[in-house]
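Novice: Sequence:
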Amino acid sequence: MTRTPRTAQTAKPTGARRLTSGHFGRTLAIQAFLMLLLVAFLAPVVWAILSSLKPANDIIRAPLVFDPSSFSLDNYTAMFEDVPIVRGFGNTGVVLVFKGAITMFFAPLAAYGFAKYDFRGKNAIFGMVLITLMLPTIVLIIPLLLEMKTLGWVNTYQGLILVGAIDAFAIFWMRQVISSVPDELLDAARVDGCSEFGIYWRVIVPIIRPALAGLAVLTIMNIYNDFVWPVVIASSDQRATLQVVLSTLAQNITGNRIGADYATVTGELLAASSVALIPLLILFVLLQRHFINGILAGSVKG
Numbered sequence: 029m030t031r032t033p034r035t036a037q038t039a040k041p042t043g044a045r046r047l048t049s050g051h052f053g054r055t056l057a058i059q060a061f062l063m064l065l066l067v068a069f070l071a072p073v074v075w076a077i078l079s080s081l082k083p084a085n086d087i088i089r090a091p092l093v094f095d096p097s098s099f100s101l102d103n104y105t106a107m108f109e110d111v112p113i114v115r116g117f118g119n120t121g122v123v124l125v126f127k128g129a130i131t132m133f134f135a136p137l138a139a140y141g142f143a144k145y146d147f148r149g150k151n152a153i154f155g156m157v158l159i160t161l162m163l164p165t166i167v168l169i170i171p172l173l174l175e176m177k178t179l180g181w182v183n184t185y186q187g188l189i190l191v192g193a194i195d196a197f198a199i200f201w202m203r204q205v206i207s208s209v210p211d212e213l214l215d216a217a218r219v220d221g222c223s224e225f226g227i228y229w230r231v232i233v234p235i236i237r238p239a240l241a242g243l244a245v246l247t248i249m250n251i252y253n254d255f256v257w258p259v260v261i262a263s264s265d266q267r268a269t270l271q272v273v274l275s276t277l278a279q280n281i282t283g284n285r286i287g288a289d290y291a292t293v294t295g296e297l298l299a300a301s302s303v304a305l306i307p308l309l310i311l312f313v314l315l316q317r318h319f320i321n322g323i324l325a326g327s328v329k330g
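So for the sequence shown, this note's numbering puts the first residue at 29; every next one is plus one.
Quick caveat, the hints were computed from the structure, so don't treat them as lab data. The reader is advised that the hints may include incorrect statements.
With beta-carbon atoms standing in for the labels, derived distance ranges [claimed, not checked]:
| no. | residue 1 | residue 2 | range |
| --- | --- | --- | --- |
| 1 | PHE99 | TYR145 | 57 to 67 Å |
| 2 | ARG218 | ALA68 | 50 to 60 Å |
| 3 | ALA291 | SER208 | 25 to 35 Å |
| 4 | MET63 | LEU158 | 36 to 46 Å |
| 5 | GLN266 | LEU62 | 19 to 29 Å |
| 6 | PHE99 | HIS51 | 41 to 51 Å |
| 7 | LEU56 | TYR290 | 42 to 52 Å |
For clarity, every value in this text was computed on a predicted model and none was experimentally measured. Note that the Cβ used here is the ideal one computed from N, Cα and C, for glycine as well.
The task is simple: from the sequences and hints, build the whole structure.
Specialist: Structure below.
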């Protein structure tokens with residue numbers, strides 16, 4: 029029986045310690061870098077929320093000083109009196125529910141057709157869908173506005189909801205995800221007598237559920253933050269969405285309050301921005317795991 033030399037016995041733990049120490053150092057450096065990024069991204073958000081609780085004059089006089097004893101909801105109370113933000117939330121909610129439902133139903137269904145069926149002109153049609161991704165939104169504003177005027181859909185929910193409801197990026201993304209589903213599963217469902225829509229609903233949808241969750245998060249964020257089209261199609265205050273209301277906050281505040289100074293406008297602007305920001309923060313915190321899984325879904329072909 030041979031003995032391992034003492035030098036070899038001592039060298040192995042030393043190498044392991046060095047490897048562990050190097051790995052720990054890299055992990056610590058990565059975590060420190062990520063913490064710096066977190067602080068950089070969250071600092072403006074935290075400052076805006078805390079500043080909205082300060083007296084209006086203190087926001088201008090000492091923007092980086094926070095005294096919890098002076099915090100109040102005066103900016104929020106005045107903002108709700110001067111700005112129709114509740115109506116903006118309501119209009120955004122209506123558009124979000126109906127436009128989001130159309131996107132979530134028809135975009136994956138169209139992607140399923142492109143991914144799993146062969147028909148004449150499929151590549152050409154899909155290429156035209158992708159071309160729409162390359163067109164700047166500003167190029168389409170005038171033609172779409174003229175079309176909405178012809179249909180009588182200016183300042184209506186139809187104009188806000190139907191335009192852009194079938195998103196080209198959603199079709200492209202869902203097609204990539206559905207393409208990774210084995211064709212054998214579809215053939216087995218057909219042998220069992222399942223209809224073509226039943227195959228999509230009972231086989232495809234459960235498999236791509238993580239990607240659908242990610243698409244839902246992106247769809248909600250895009251609709252919630254959409255500004256260019258709503259500000260063009262909804263010139264009336266009755267149909268103005270939240271982002272349109274936020275863009276006209278200063279005019280609403282100065283118009284509804286005689287003698288409103290810069291500090292008052294700033295305080296109410298921060299209060300309105302904080303109210304508009306909170307729903308998206310809550311949504312992302314609650315659905316971040318589904319969002320990350322949805323982004324990764326379909327990234328590996330299998």
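Novice: Does each hint fit the structure? Answer for all of them.
Specialist: Hint by hint, here is what the structure shows:
As the Cβ distance of PHE99 to TYR145 is approximately 60 Å, the hint placing it in 57 to 67 Å holds. As the Cβ distance of ARG218 to ALA68 is approximately 53 Å, the hint placing it in 50 to 60 Å holds. Taking the beta carbon of each, ALA291 and SER208 are about 56 Å apart, not inside 25 to 35 Å as hinted. The beta-carbon spacing between MET63 and LEU158, approximately 39 Å, falls within the hinted interval of 36 to 46 Å.
GLN266 and LEU62 have their C-beta atoms about 45 Å apart, which leaves the hinted 19 to 29 Å range violated. Checked against the given bound of 41 to 51 Å, the beta carbons of PHE99 and HIS51, roughly 45 Å apart, stay inside it. For LEU56 and TYR290, the hinted distance range of 42 to 52 Å is satisfied, since their beta carbons lie about 45 Å from each other.
The earlier numbered hints that this structure contradicts are 3, 5.
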